[in-house]
Amino acid sequence: MDEKTRVKRQIEKDREILNHELLHGLDREVLNMSWKLDELIVRYMKIEAIEAIESGDK
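Just so you know, we're using full-length UniProt numbering here: the sequence shown kicks off at 1 and counts up by one.
Heads up, some of the hints might be wrong.
[As the list claims (entries may be wrong)] Listed next, the in silico DSSO-like pairs over lysine-lysine satisfying Cα-Cα at most 27 Å (straight line):
id, residue 1, residue 2
1, K8, K46
2, K36, K13
3, K36, K8
Quick caveat, the hints were computed from the structure, so don't treat them as lab data.
Quantities reported herein were computed from a predicted structural model and do not represent experimental measurements.
Can you build the whole structure from these sequences, using the hints too?
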């Protein structure tokens, strides 16, 4: 599995967990999950940007 697919799947998994936790109230663990998800989204966006730049070079 390539990096982009792995990160995308992790984002989807973490978003599902976060949404479930938000239904039960906000605490430190939920905030940590939210921050982790934000970091994964940024990483995914960087991969997308690099791929867009590389495809433009060809």
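Hint check:
1. K8 / K46: holds (12 Å)
2. K36 / K13: holds (12 Å)
3. K36 / K8: holds (13 Å)
In summary, the structure agrees with every hint in the numbered list given earlier.
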